[in-house]
Amino acid sequence: MSVLSPTLMSPEAAARRPWLEHAHDWVVTVDHKRLGILYVVSGLVFFVVAGIEATLMRLQLAWPGLHIVPPETFNRLFTMHGTSMVFLVGIPIVFGFGNYLVPLMIGARDLAFPRLNAFGFWIFLFAGLLLHWSFIGGEGLSGSGSAPAVGWFAYAPLTSRAFTPGNATDYWNLAVFIAGVGTIGTAINIVATTLTMRGPGMTLGRMPIFVWTMVTVSAMTLFILPPLSAAQIMLLLDRFLGAHFFDTQAGGSAVMWQHFFWFFGHPEVYVLMLPGFGFVSEIIPVFSRKVIFGYATLVAATVSIGGVALSTWAHHMFVVGMGTGLNAVFALSTMLIAVPTGIKIFNWLATMYGGRIRFRTPMLFCCAFLFQFLCAGLTGVMLSVAPFDWQLSDSYFVVAHFHFVLIGGLLFAIFAAIYYWFPKVTGRMLSERLGRWHCWLLVVGFNLTFITMHGQGVLGMPRRIYTYPADRGWEMWNLVTTLGVPLQIVAVLIFVVNVAVSLRRGERAGDDPWDAWTLEWATSSPPPEYNFETIPVTTSRRPLWDMKHPDDPDGPHE
Amino acid sequence: MSAHTAVHESTVGHEWRGRAGMIGLIIAESSLFGVFVVAHLFYTGKSVNGPYPNDVLTIPVIGTICLLSSSVSVALGARALGRGNVGRSGAWLLVTVLLGATFLAGTAREWHRLIYRDGLTIATNLFGTTFYPLVGLHGSHVIVGLVMLGLCCVFAATGALRAVHAARVEMVSWYWHFVDGVWVVVFTVVYLIGR
Amino acid sequence: MPTAQTPSIFDPVSSPALAIRELSFVVLGLSAVIFVVVAGVAAYTLVRFRNRPGDGRREPPQVYGSTQIELAWTVVPFLIVMVLFLVTARYIYGIEGRAMPSDALEVTVVGNQWWWEIRYPRLGIVTANELHVPVSDPARPAPTFITLQSVDVIHSFWVPQLAGKMDVIPNKTNRMWIDPRVPGTYVGQCAEYCGTQHAWMLLEVIVHPRDEFDRWVAAQQTPAVTDPAVRAGRELFLSLSCINCHTVRGTPANGVFGPDLTHLMSRRTIAAGAARNTPEALRAWVDAPGAIKPGVRMPAMKLAKSELDSLTTYLLTLR
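Chains as they are written, first to last, in our numbering: chain E, 1039 to 1596; chain A, 37 to 231; chain R, 1070 to 1388.
Treat each hint with caution, since some may be false.
Over the 12 Å line for every Cβ pair with chain A, so calculated as not near, a few chain E residues [what the hints assert, rightly or not]:
| no. | residue |
| --- | --- |
| 1 | Val-1066 |
| 2 | Pro-1102 |
| 3 | Ser-1371 |
| 4 | Thr-1505 |
Heads up, incomplete: computed chain E residues facing chain R, CB under 8 Å, no partners named [unchecked claim]:
| no. | residue |
| --- | --- |
| 5 | Leu-1196 |
| 6 | Tyr-1333 |
| 7 | Val-1337 |
| 8 | Thr-1362 |
| 9 | Ala-1366 |
| 10 | Met-1390 |
| 11 | Cys-1405 |
| 12 | Pro-1425 |
| 13 | Asp-1432 |
| 14 | Ser-1433 |
| 15 | Gly-1498 |
| 16 | Ile-1503 |
| 17 | Pro-1507 |
| 18 | Arg-1510 |
| 19 | Trp-1552 |
| 20 | Glu-1596 |
Quick caveat, the hints were computed from the structure, so don't treat them as lab data. Yeah, the Cβ is synthetic: ideal placement off N, Cα and C, and Gly gets one too.
Put together the whole structure using the sequences plus the hints.
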């Protein structure tokens, strides 16, 4: 059954069309909604692949001295896992949601440049397939193909031809570069759309918080992704034309790669996380039945996170030997960013306070998000204390920290968003019962794995090692960490089943199943191709609240 | 829901869509160039062997004059189209293409001399490593610009270009101004500071 | 669970690590307080304001914001951050800014794929993977200042109980210092991914009482033992390409690409910790290093069994 049937056909006629025609529609589409779905679905598929890679790693590390995978394979696994999760899962899903929701939320009919949008998706998909082709393409060592094994941040000079022969690193370099080009295109699209295509009455100060987060991260992308592309061009020139950008034997600087990479890499994780904050900022008010507390400060916090994030990158380099001055400066900027981030948590709590909280699945995921992201933020502040980072950098403590941010924070927010907007996209509700199982299993499994993982870190276990000595006292920590994995796998499987079953047999959603307040709920589920019959006129930050409560509209309070 | 007073669907005029997009592209491209500039500045004076910039670089006066004046010609061309004068627009755009091509030819000659007479390649030393990519990145953007401008000239000649396309040609001209702006920076960093 | 060899950052014996632990108490304490307060408010909110069946469809009072509250929860965290930064800066300068006293022991550690070269420039000693230092009494400190270099890719020197880590970067020289106050063996390993065998680039720092350290130095300074009983093995060693990579002081072997073997048998492990230094392991290593540490740079020597025995017997005399 087609999710978005051509609205000119009757549903029966639409269902009878040959599947090839359906497929063709999806391949040639420039509709932001379809492209958004394509992005999110592709991201989730890569998520499963990267999750399998993680599972293999955790199996290998469950006990010292195991031989589940040989060392070279393990090194490829963590490289592919990290690279995939950031570039092929996080970014596509986040920008996919942006694609789908931004025009609807601001009362537009599509993004500014629909063909550029389509180009962005297909170039991302090509990049993802290119990266994974590396497993089987080209010459390989140890018979496991030549997937890159240089880590997701690919430090020089390990990536030079001298230390990494073969084409594995080139797969990494080119795939990530190409994906980056697509992301820059989408970012341009979102900025142009929000600045120039808002519907009548939709001033910047009335845009949903999610749209603010998408504009912020798109603007950030314009500044931060090109430096990565530049560094990758330099690496390409080093590897193929004998340039010496990062060639330490010829006087080049290995540290320069790190500066360029992290100038991109740190803001990138905020690019991933801010839309997660956007999801939560839309969902918590609806399920607390209260307006978001402090819209203006939330927007200010969002934009300032975007700005300050550009100044914190070298906290990934505290152990490189930058000197006391730079260490202090970057410690300060990193600590400062905790302020607007903390404020957001307070705003969400204040929104829930005094409300009538309904614990439907989207809200369950948001609640887990709140506690887990609080932990993540606090371990982040700990790591910003440079001397503490001198111990814990490149240890499992850092791995625990960023998985708390990206799973405990972002992934939970993404699942909240999927449960919340699935009815709008498909016209059907996801099962609440399966959703609760999904959520609780994931909470238990995730925390079992990643709370424990802080332990290995403080006990001195570094990252990216395929095994470890038996006499360091790390075995039990690693075993428990691994035990959380099957729970998370089952949770994700339940989610997949939920989606499959609900697509066919889910309860019909109607236009506005959650009794929400933003513009996307003012059209049918799924929306027609042109989004709205007539573009609604926006009278406040919650246009549908004004409609439902004509006696007490938001306008005078804003 | 009815749109009782709103007539147009979006808050700003149509042409701002393209302008916002082009500004976004320019920001991203500036960031890209910025990193190559940083690398060039960082490695200034750090080559362990020659040839050194002072030995082999000569200031590209003619090319620079051509390129910078092409910004004037492209502005005139965009404005002419805005007034409906397709013929004049096409002429100015052609002038722009010729000036840009002259600049490229100068770069090509300079590189030929550097490689074959002075023995400076990208692999020779840190100067070569940063010089060629930075100037080459700019040159590649000039080429893209010349292709776009060339297409505009062709469309002007065949009559496909009309006044209604003025906003689009304006965007091409903005891109060209950006390329010129980058040259000012590259010129300063490579031929003035870096020497 | 933690064993004697567990390299916990909370079990420091040297000033930098002790200072970091002190700082970490401040940070952990602060984080714990914040967590309890915020999580407490969150938990309370979720329980107290959950929708009860009798509530019907009435919407609760809509609260749009509060300038005072929002100002307060901006200013207070900002002040906390300022205090935290000042404390942090003090520790940064206190640890990194320490100048080297003229009588400190100087060691140069050179990172290789995948082993550590340890040099004592003023003592004329070159060894591998084990760093021997004298114990330092807080009343009369005897610190060791370590210069860090790399011949190939980026590594990182990390012995948690002694100090925070410091990267080992080609074309860059870094410095750090330790002053362990308790004799013993402290373990660590490379902490920056450096290729296939990053996992087996282990470190041991052996802290000796002063007189024991002096004896170790004296023993290391002597050239290699020349035991006539193993003459055949020694001659075999000197005739093979072993000498292209390895140094044995007192013989013509002076290669620099592999560990110095002059006092090989004084070390507890081989292959940077991948195997214990026993006759069986040593023999297996020489025969096929790739079986113990796949991807290692040392080639398999492909010796006949008798040659292998003879060579191993020689190596076992290098005490």
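Hint check:
no. : hint     : result
1   : Val-1066 : 22 Å, holds
2   : Pro-1102 : 42 Å, holds
3   : Ser-1371 : 19 Å, holds
4   : Thr-1505 : 38 Å, holds
5   : Leu-1196 : 4 Å, holds
6   : Tyr-1333 : 7 Å, holds
7   : Val-1337 : 12 Å, violated
8   : Thr-1362 : 5 Å, holds
9   : Ala-1366 : 5 Å, holds
10  : Met-1390 : 5 Å, holds
11  : Cys-1405 : 6 Å, holds
12  : Pro-1425 : 5 Å, holds
13  : Asp-1432 : 5 Å, holds
14  : Ser-1433 : 7 Å, holds
15  : Gly-1498 : 3 Å, holds
16  : Ile-1503 : 4 Å, holds
17  : Pro-1507 : 7 Å, holds
18  : Arg-1510 : 6 Å, holds
19  : Trp-1552 : 13 Å, violated
20  : Glu-1596 : 7 Å, holds
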